[in-house]
Amino acid sequence: MDLSYGTDYDSFRGELRSFLDEHASEAPSNQRDYRSEKAVAWQKKLIELGYTSRTVPKRYGGFGAEPDILISRILADEFAAAKATAGFGGQGIAMLIPTLLELGTEEQKREIIPPTLLGEMLWCQGYSEPEAGSDLASLRTNASLDGDEWVINGSKIWTSTAHIADQMFCLVRTEPDAPKHDGISFLLLSMDTPGIEVRPLLDMTENKYFNEVFFTDVRVPAGQIIGKRGQGWQVANTILGHERELLGDPNAALTRLNGVIDLMRTETINGRRVIDMPVFRERLIRMQGRVMAMRFNDLRLLSAKVNQQSAPLARMIVKLQGTELRHELEQLAIDVMGEFGLAYDDNEYLRGEGLWQWNYMFYLGLIIGGGTSQIQKNIISERGLHMPKEPKAAARPGAL
Amino acid sequence: MDFGLSGDQVALQDSVNRYLDERAGLEHVRAFAAGGGYHEIWQGLTELGVAALLLPDDQGGAGMNVLDAALVAESLGAHVTPSPFIGSAVIAPLALQHLERKIATPYLSSLIDGSATAGIAFSELAGARADAGVHAAAHKLSGKSLFVLDPLANFQLVATTDNALYLVDAGAQGLQQLVHTTIDRTRVSGELRFNNTPGTLISDDPELVANLLDTARIMLVADTLGAAQHMLDTAVAYAKERKQFNRVVGSFQAVKHLCAEMAAALEPCRATMWYAAYALDALPNEAQLTACQAKAHISEVGTFVARTATEVHGGIGFTDLLGLHYWFKRIGFNRQALGAPELLREQAAALQGL
Numbered sequence: 017m018d019l020s021y022g023t024d025y026d027s028f029r030g031e032l033r034s035f036l037d038e039h040a041s042e043a044p045s046n047q048r049d050y051r052s053e054k055a056v057a058w059q060k061k062l063i064e065l066g067y068t069s070r071t072v073p074k075r076y077g078g079f080g081a082e083p084d085i086l087i088s089r090i091l092a093d094e095f096a097a098a099k100a101t102a103g104f105g106g107q108g109i110a111m112l113i114p115t116l117l118e119l120g121t122e123e124q125k126r127e128i129i130p131p132t133l134l135g136e137m138l139w140c141q142g143y144s145e146p147e148a149g150s151d152l153a154s155l156r157t158n159a160s161l162d163g164d165e166w167v168i169n170g171s172k173i174w175t176s177t178a179h180i181a182d183q184m185f186c187l188v189r190t191e192p193d194a195p196k197h198d199g200i201s202f203l204l205l206s207m208d209t210p211g212i213e214v215r216p217l218l219d220m221t222e223n224k225y226f227n228e229v230f231f232t233d234v235r236v237p238a239g240q241i242i243g244k245r246g247q248g249w250q251v252a253n254t255i256l257g258h259e260r261e262l263l264g265d266p267n268a269a270l271t272r273l274n275g276v277i278d279l280m281r282t283e284t285i286n287g288r289r290v291i292d293m294p295v296f297r298e299r300l301i302r303m304q305g306r307v308m309a310m311r312f313n314d315l316r317l318l319s320a321k322v323n324q325q326s327a328p329l330a331r332m333i334v335k336l337q338g339t340e341l342r343h344e345l346e347q348l349a350i351d352v353m354g355e356f357g358l359a360y361d362d363n364e365y366l367r368g369e370g371l372w373q374w375n376y377m378f379y380l381g382l383i384i385g386g387g388t389s390q391i392q393k394n395i396i397s398e399r400g401l402h403m404p405k406e407p408k409a410a411a412r413p414g415a416l
Numbered sequence: 047m048d049f050g051l052s053g054d055q056v057a058l059q060d061s062v063n064r065y066l067d068e069r070a071g072l073e074h075v076r077a078f079a080a081g082g083g084y085h086e087i088w089q090g091l092t093e094l095g096v097a098a099l100l101l102p103d104d105q106g107g108a109g110m111n112v113l114d115a116a117l118v119a120e121s122l123g124a125h126v127t128p129s130p131f132i133g134s135a136v137i138a139p140l141a142l143q144h145l146e147r148k149i150a151t152p153y154l155s156s157l158i159d160g161s162a163t164a165g166i167a168f169s170e171l172a173g174a175r176a177d178a179g180v181h182a183a184a185h186k187l188s189g190k191s192l193f194v195l196d197p198l199a200n201f202q203l204v205a206t207t208d209n210a211l212y213l214v215d216a217g218a219q220g221l222q223q224l225v226h227t228t229i230d231r232t233r234v235s236g237e238l239r240f241n242n243t244p245g246t247l248i249s250d251d252p253e254l255v256a257n258l259l260d261t262a263r264i265m266l267v268a269d270t271l272g273a274a275q276h277m278l279d280t281a282v283a284y285a286k287e288r289k290q291f292n293r294v295v296g297s298f299q300a301v302k303h304l305c306a307e308m309a310a311a312l313e314p315c316r317a318t319m320w321y322a323a324y325a326l327d328a329l330p331n332e333a334q335l336t337a338c339q340a341k342a343h344i345s346e347v348g349t350f351v352a353r354t355a356t357e358v359h360g361g362i363g364f365t366d367l368l369g370l371h372y373w374f375k376r377i378g379f380n381r382q383a384l385g386a387p388e389l390l391r392e393q394a395a396a397l398q399g400l
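Chains A and B are the protein sequences, given in the same order. In this text, residue positions in the first sequence follow my numbering: the first is 17, and each later residue adds one. In this text, residue positions in the second sequence follow my numbering: the first is 47, and each later residue adds one.
Derived from the structure by calculation, the hints contain no laboratory data. Don't take each hint at face value.
Okay, the calculated beta carbon distance ranges per label pair [unchecked claim]:
| hint | chain 1 | residue 1 | chain 2 | residue 2 | range |
| --- | --- | --- | --- | --- | --- |
| 1 | A | D278 | B | R64 | 45 to 53 Å |
| 2 | B | E253 | A | N363 | 43 to 51 Å |
| 3 | A | K61 | B | D60 | 46 to 54 Å |
| 4 | B | D366 | A | P407 | 51 to 59 Å |
| 5 | A | G22 | B | D60 | 23 to 31 Å |
| 6 | B | A396 | A | D37 | 29 to 37 Å |
| 7 | A | N363 | B | L400 | 27 to 35 Å |
| 8 | A | A40 | B | A328 | 27 to 35 Å |
| 9 | A | I255 | B | D67 | 35 to 43 Å |
By construction, the Cβ of each residue, glycine as well, lies at the ideal position given by its N, Cα and C atoms.
Full structure from sequences and hints, please.
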């Protein structure tokens with residue numbers, strides 16, 4: 017056991033902290049702001065210092081450092097502590113660039129990565145379909161080659177940022193006769209191609225983050241494919257596991273837990289602080305125990321990565337446990353506020369900018385999205401505990 | 047940065063597991079539950095060096111840490127092994143360090159070679175019930191302590207109501223040592239009654255006594271972790287064999303999801319146990335809070351796993367045929383012993399000024 021990062025890392029953390037002390041005010045206030053001058057200037061500064069896009073090679077507009085798990089962790093922790101946006105996120109940067117670096121052609125990397133890093137090329141991800149949610153590999157949006165163009169027909173759903181994106185990376189069926197996992201290709205397309213229609217989906221938080229996207233004879237140059245025909249499933253899975261871990265981040269849960277404690281210290285009922293009420297306090301401390309357990313689990317995963325050990329089960333359970341924990345934490349805060357917890361949007365009695373209610377609903381979305389909790393349980397039992405898969409639908413009555 | 051077990055720690059746990067697999071199987075547990083003793087198993091474990099783990103090198107010990115001891119406790123929990131481990135191998139060796147060397151040495155030597163065992167009367171530290179409590183005046187103890195772990199042991203470590211710690215020999219004047227039945231037949235639990243009984247003061251430092259209480263709690267935490275992991279593993283194995291409707295029941299999602307829920311709850315408990323044990327070794331500012339929270343949380347998860355793993359077994363889990371109930375009851379015992387979850391959370395809140 018040695019929980020220290022070592023002096024080199026401590027000094028990196030020190031430099032980063034003093035940078036953030038001085039410059040955090042230059043960060044854009046909205047994490048989803050990719051377009052304003054302020055946001056672009058902040059992004060450029062962070063890349064130059066190696067605080068974002070750190071491992072993207074210099075020739076593609078990144079900082080060009082070797083991957084280092086502890087550095088990534090220090091960056092995430094310190095930006096979160098300073099409440100400053102750690103550079104651009106989004107599907108293009110989080111998902112597409114790592115995929116391209118692994119599997120893209122030299123030309124694709126040079127054309128796509130630099131403008132994506134600077135927010136000049138904004139991406140959305142076209143994976144899920146109305147009939148292909150948990151069973152994503154059964155997707156039906158199809159593309160067939162016509163000369164040197166793919167012709168795409170079908171539709172996608174849950175496509176966040178499609179209404180503002182310049183480009184989409186998507187999974188489409190190109191080999192209709194192949195087994196379902198082997199018939200998919202990973203294509204790139206411009207959102208202003210004729211034949212694309214984007215319809216925003218209003219969600220329960222009263223926001224329009226997600227969209228439906230419809231394709232009618234959308235023509236895309238044949239070269240806009242990553243990997244080979246029929247390899248799209250493997251291409252997409254290169255980085256999907258990474259997304260699931262992000263969805264259960266226990267460090268974000270700790271920040272929210274501390275927020276609940278603050279709330280319980282300030283909210284009063286009949287003049288009595290909520291924190292002084294044993295029933296509420298019991299719920300809080302119980303939740304704290306769960307947050308602690310997930311943070312220690314996270315520390316184990318971090319250590320396993322640094323030391324190149326595997327802890328598959330500890331990793332597989334993060335999305336399931338983490339999203340549920342967050343949802344329940346936000347519920348506790350709402351219960352602490354009682355009727356004030358109902359306030360939303362422009363209500364003058366709003367607490368915490370209305371984020372408790374918003375997160376409560378949003379985290380229900382995350383329990384469902386990114387592989388539902390039920391799918392996570394299938395993964396844990398089949399891959400973690402090596403239990404048998406659900407038998408395929410019987411070909412004849414009584415068959416296995 | 048290394049938050050994981052060392053090669054030595056893995057080897058230590060492997061050797062204990064191997065010994066228990068071979069020498070302390072379910073038939074031994076049943077024999078003990080039917081009124082047998084743990085002398086033979088404990089002799090074997092002390093030969094492995096289990097009782098000397100925490101003693102410094104210059105006292106014939108292995109100079110290891112609380113985390114190492116917790117790994118042994120985890121193995122004992124996994125095998126529901128009857129043994130005087132917590133008192134004899136963990137609390138007594140740590141406590142006796144605070145006595146004068148010439149008084150402590152004979153006790154320590156007899157612990158190391160397994161010729162003597164130690165019990166702990168700590169229950170009232172966590173929360174006194176039924177007017178229990180031991181008072182000391184002029185090195186004479188009076189009162190009673192309940193739910194003592196190993197009340198028949200050769201000597202007893204007794205916490206008093208003013209948070210001092212005394213050493214009392216079996217057979218001391220005015221001492222009554224009683225065994226009371228609990229649900230957990232793999233443990234010896236009972237009562238000590240004192241009537242002007244002579245005791246040797248080990249320490250009147252409340253921080254030391256609190257630290258020993260937390261250390262004992264972490265041993266129970268590790269025991270529950272091992273027992274719960276065993277129950278989960280057994281449930282998964284059973285579900286892969288048992289057939290109904292022409293399928294193994296482990297292929298039904300209803301059953302798989304129960305197993306996944308157990309694994310999802312239990313897996314973070316492993317890191318939690320490591321951290322809480324390591325905190326007692328190296329992170330004094332966090333140790334008390336993590337001990338309380340770890341025991342509260344892992345007791346909850348243990349309870350969930352114990353009932354769910356039994357349920358996955360179906361009717362046979364309810365019977366004595368597989369002996370699964372020994373693990374169920376051991377987890378139940380560990381949950382209440384030295385502080386049940388609500389009590390621990392009260393303490394955790396107080397520690398944080400909440």
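Next on the checklist: Quick check on a hinted range of 23 to 31 Å for G22 (chain A) and D60 (chain B), using CB atoms only.
Outcome noted: Since the Cβ atoms of G22 (chain A) and D60 (chain B) sit about 30 Å apart, the hinted range of 23 to 31 Å holds.
Item to check | Status of the given 46 to 54 Å range, CB of D60 (chain B) versus CB of K61 (chain A) | outcome: Since the Cβ atoms of K61 (chain A) and D60 (chain B) sit about 52 Å apart, the hinted range of 46 to 54 Å holds.
Checklist entry - Do the Cβ positions of I255 (chain A) and D67 (chain B) conform to the proposed distance bound of 35 to 43 Å? => result Holds, since I255 (chain A) and D67 (chain B) (Cβ atoms, about 42 Å apart) stay within the stated range.
Checklist entry - Are E253 (chain B) and N363 (chain A) spaced within 43 to 51 Å by their CB atoms? => result holds (49 Å)
Next on the checklist: Holds or violated: the 51 to 59 Å window for the beta-carbon distance between D366 (chain B) and P407 (chain A)?
Outcome noted: Given about 34 Å between the Cβ atoms, the range is violated.
Checklist entry - Has the hinted range 29 to 37 Å been met by the Cβ atoms of A396 (chain B) and D37 (chain A)? => result holds (34 Å)
Item to check | Cβ distance range 27 to 35 Å for A40 (chain A) and A328 (chain B), holds or violated | outcome: holds (33 Å)
Checklist entry - Given a hinted range of 45 to 53 Å, is it respected by the beta-carbon distance of D278 (chain A) and R64 (chain B)? => result Once the Cβ atoms are compared, 51 Å apart, the range 45 to 53 Å for R64 (chain B) and D278 (chain A) holds.
Checklist entry - If you check the beta carbons of N363 (chain A) and L400 (chain B), does the distance land in 27 to 35 Å? => result Distance hint for N363 (chain A), L400 (chain B) holds at roughly 29 Å.
Taken one by one, the earlier hints fail for this structure only at number 4.
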